[in-house]
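Asks: So the chains spell out like this:
Protein chains: 2
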Amino acid sequence: MDQLRFDGRVAVVTGAGGGLGKAYALLLGSRGAKVVVNDLGGARDGVGKSNFADAVVQEIKDKGGVAVADYNNVIEGEKIIKTAIDNFGRIDILINNAGILRDKSFTKMSDQDWDLIQAVHLKGAYKTTHAAWEYFRKQKFGRVIMTSSNAGLFGNFGQANYSAAKLGLVGFANTLALEGAKYNIKVNTIVPTAASRLTEDILPPDMFEAMKPELIAPVVAYMSHESFQESGAIIDSTLGYASKAHLVRSQGTPLKNKPSDPVTIESVQENWSKVVDMKGAEHLDKIADVTIDLVQKLQDFEERSKLDAENESYWSTYNYDSKDLTLYALGVGASVVNPSDLKFLYESHESFSALPTYFILAGMCMESPLVAKSMPPGKHADFTNILHGEQFIEFVGDFPGTEGEFTTRTYVADVLDKGSSAVSVVNSEIYQNKQLVARTQQHIFVLGQGGFGGPRNSKHSVDVQPAPKRAPDAVVEQQTAEDQAALYRLSGDLNPLHIDPNVATVSGHPRPILHGLASLGFSARHVLSKYGGNESSNVKSLKARFVKPVLPGQTLVTEMWLDGKRVNFQTKVKETGNIVIAGAYIDFKNIVSGGAPSAAAAPAPSGSALKSDALFAKIKEEVDKNKEMAKSVGGVFLYNITENGKTVKSWTLDLKTPVIYEGTPKSGKADTTMTVGDNDLVEIASGTLSPQVAYLKGKLKIAGNIMLAQKLGPLLKSPAKI
Amino acid sequence: MDQLRFDGRVAVVTGAGGGLGKAYALLLGSRGAKVVVNDLGGARDGVGKSNFADAVVQEIKDKGGVAVADYNNVIEGEKIIKTAIDNFGRIDILINNAGILRDKSFTKMSDQDWDLIQAVHLKGAYKTTHAAWEYFRKQKFGRVIMTSSNAGLFGNFGQANYSAAKLGLVGFANTLALEGAKYNIKVNTIVPTAASRLTEDILPPDMFEAMKPELIAPVVAYMSHESFQESGAIIDSTLGYASKAHLVRSQGTPLKNKPSDPVTIESVQENWSKVVDMKGAEHLDKIADVTIDLVQKLQDFEERSKLDAENESYWSTYNYDSKDLTLYALGVGASVVNPSDLKFLYESHESFSALPTYFILAGMCMESPLVAKSMPPGKHADFTNILHGEQFIEFVGDFPGTEGEFTTRTYVADVLDKGSSAVSVVNSEIYQNKQLVARTQQHIFVLGQGGFGGPRNSKHSVDVQPAPKRAPDAVVEQQTAEDQAALYRLSGDLNPLHIDPNVATVSGHPRPILHGLASLGFSARHVLSKYGGNESSNVKSLKARFVKPVLPGQTLVTEMWLDGKRVNFQTKVKETGNIVIAGAYIDFKNIVSGGAPSAAAAPAPSGSALKSDALFAKIKEEVDKNKEMAKSVGGVFLYNITENGKTVKSWTLDLKTPVIYEGTPKSGKADTTMTVGDNDLVEIASGTLSPQVAYLKGKLKIAGNIMLAQKLGPLLKSPAKI
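Protein sequences, first through last, are from chains A and B. Going by the numbering used here, the first residue of the first sequence is number 1, and it counts up by one from there. Going by the numbering used here, the first residue of the second sequence is number 1001, and it counts up by one from there.
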């Protein structure tokens, strides 16, 4: 690696007569910087004079470097900067390192102890930096280092004065980083841990011995180099180790239950555990983001409260990825035996997608207390007396992608009185990126809790439709596996009724039963394949009633009747003849009979800016410059760039011609198709994610000629390093 | 909820003539505090005098409160505290709120702009707090609020002076929180966002209008209350919303490759992306923790480097939980059809455990570049020319629990020359909590890369043992499922060879093949069940060679030969007669023939202190007080408390007698056994995790009489609320 040099740069290091400052000065001097070695001289308390600075200057000169000594107090920082200008005509780097200590317990601290520390650390850094600032602005270059301390970041006994000054410097750097940005002035903070009593008590003796300034100097030198682009960073370093610190904020909480409620000391107390819950805490980059974040959260609170006013709601989040989809698909009987199922089982399949019934899970909200709360007085519901009676799902807008996060609102739309049982009609609204993507409805039967004089029906309820009397138009049979329930439960419903023989027996079953939603998943797959072109996004809605349990190993028979764009269906168990799912239907956008696969997915939408755009722009530039190199790779490569598991942009790298453009290949077919998330691709290009690892972890999906893809590596990587 | 009162407390609020300070004063006054309303008077720039403070005092008095006005400048803070003492004889609460602004771009900032802001904000807070401190200490009570700003936390244009002072106050509070701890002095920081130009630009008009001090006052009042126990917290609040901020530190990195390497500017640059990688950043509570953390990391670096010096190593972490174990068990053919398999499939089974072969996965490290690097000059390995040839695993110490994290060291022990192919002998050492728990060894065949004149054998290699010539002592047959590979790959090896028909064809297979480790998992299960008592922890080691591929759907025949405590085995495909796994063996601690289940697990170890200990102590106390209530529940409950998925302590709640004690039931059997993590149980008891949710998510496992467990709820919850 080439040496990082400072030739032509002028650096001021305050407090450079010894310790850290001396190490900084020597290192910069050895790398070509002209150094102003500032030191007041004298002992640690800042009193007296000596020739420490002279000795450092001599040492730099002895090694062929250039340096001058400066004896000014940082409180007159402008004089130190003047030394740089007078001797070298410029100033590029300012390392605010000078400091003293006046440790006292706060009780014993005098105003002088306080004032002196603030003056040297805070005012001193202000004075030097202020004097240098105009030079930095004019030359559009500057590197400033503030020196903080873990005593400031964490507090430390006997250092109230020092910790205030030291964290003050971080606040100072925060603003200077902003104001310096457009002038290429980078202002960063070093938190060096030096040998001290505190560290001596804790560190093993050999580490304490090794705590040398020379181990921190390279960090500060790097942060002072022209190649260093960060600003406003806090870097902790000692003993050849370094880490970065920054602030994170909790997600926080409204301090009241409804927007119209008052905020009181008591409502604050009530919500406090959410205020200080640091799970999910996030770093924000700048002050404006704090306000934007707050507006978002308050608007969410308002919106949710409006919905809560209609029906008390339960909000939850649901995350899924391609592995979840595959596991689910196996759980509902998708099999590699059917080539048409592979698109639900193989995350790199070019048409990989979720089964539509998967998204029912996002609306399940088993942890919601709403059903229990919805019971009329004297009636109760808990997990020992409830049954999943009916299920509905409807897709709204774009069909969800193969990974993502949902926010789900669940509420009880109505409670029905069915005589012996009560029925809670539970609605869920499933949102992705604030867009409603699906609605679900569950009918939860609460056994033995009817008879409270409630309504028998509800206008909010989506009803089943009985199967026609005629013979079915199509029938599909499939045997479930003995381990079907053991497998399906890994998709989230761990109710022991589906795995524990004892619980099954207590509940009156000969052995653990299959989940109703698993049977429904089988039948929905059958219908989708027979009449829906096997295309999940063709499904508009689905409704079913669970009538009887299925035992794993039994054979499901799905009977279908075509009626316009609706397919009515019911499911029987072949071995018993029992109907297990009744009155069910799927509404399709289009009927595609005979299970013929539908046309290729719609061309990828275009337009929105992605992080990887810059990468392809660079590749285009490279290819335009080196057409012959590109042709030597050859092949037509299609990149599908995804967000939330959905392709949001495509790029064609036609290296035969060669030409690079947005969109799918204009003629012919890609030799190799790569599907990869926007962020993942950027990580691959920057070298932080190896393409092999990305591929083996399913983040980079390659269809077609895999070997050809390997040749692309150098092309992909080189521009990213620019 | 009872009102939080301040009767008998004396509060000083600086800058209380208007805005936030006024709101604080009025609220505290209305809740019984005697308030010193400090205000210099005058306009925002602090010049001039007026009777703002008088008006606030009057307003407090009008509402029946007690207050006095104070006109001192905070720079003479001792006079303000004197006003409290002179009028009310004490001081309990100090809210440092006074402040002014001198916004200027840094270029235009004058020394006066800097000094005035530091004086009022920082020195002022120092002066008042210092004057009050002795009173707080003597009375062993004090509540101090510092007022910071997002301008300090994030920086803000034109506020270099203000951001320095405002973050300085946080540093000041950090140390005061420590020094005040043993005197019940709590020092916290409020970050109020007031209506300002900045917020006006970003906020919707109605929110800007609503930005009232009265919405922040309850937060500050709560933080001033005697019930408030936090100290050193940064609380951001506005508009009836509040969040907490704190610092987190990146995991950081050594700035060199080996401990003996020098730290250079270049080595810093090389490692920088790891320094600033904030994934996995953590909050540390106190300064000493920073050092402890560093010592740990440096020691790890030293230890790893020593190992690296022997063999270049690759370090990785591996996390698993009960769902991973169950998914794996299904992937290697465990089935509910065999009751003895249920312990591998059902996370609430009383003997739930991992299959021993599961832990081979922790040593796989597919992302490691070591094999590629191990190739001699002119030879190469990538994922297109490597084959998993042999596998070994050996357990050391305690058998791993049902969830946890491993740290794995992987290195190439030797590279063998087998003529046409090279073989990398890859060792892994698998650690949990710094203890070595398992070693694995893979023989990776690198096709076509032999013939480099290397050794044919290695003393580091664990060799297979050919099967005896005699007929096997036992044979177990099991058919794999057509979807076996599709399922097994969800345990992590997503190589498309096992799912993609095109890739399989290119590789010369009629269709995707089963993973060698899946076949091995089947056979190891067969051997474990036949000769190992079906007890995973009975396995000492296992070795196997993969000879030929298996197609999903084929039937595996495991042939076994007993030889002391070793069981030799090989695996054939029934349909073809091919041997697919050869020279394999398992060494057991004890041979348990005939698949008889082993005795119950050893009694839980005891001794180590757990968080839930206090809970059981309270339950014991409650039960001792209310023996009749306890008897009314009845039943004997066994709690197995786990850490990392292993039972580390048991408690018996014998409510028949009633008596509570540590350990398993002294006589008879528990009616209900609950298995739950130490942290989860504490969360359940504190009410932050509902037992139903814990149960449905598999965090609380209940065996035996589930209904009885429901009765326990009140008993479990009440003491935790004390």
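Each hint should be verified, as a subset may be incorrect.
As the list claims (entries may be wrong) - Some chain A residues near chain B, calculated using beta-carbon distances under 7 Å:
no., residue
1, Leu153
2, Gly155
3, Gly171
4, Ala288
5, Ala486
6, Leu487
7, Glu621
Said to hold, decoys possible - Covered by chain B, according to a simulated footprint, are these stretches of chain A (three or more residues, beta-carbon under 8 Å):
no., segment
8, 246-258
9, 445-459
To be clear, the hints were calculated from the coordinates, so they are not data collected in a lab. C-beta: ideal position from N, C-alpha, C; glycine also.
Asks: Any of the earlier hints contradicted here, and which numbers?
Replies: 7, 9
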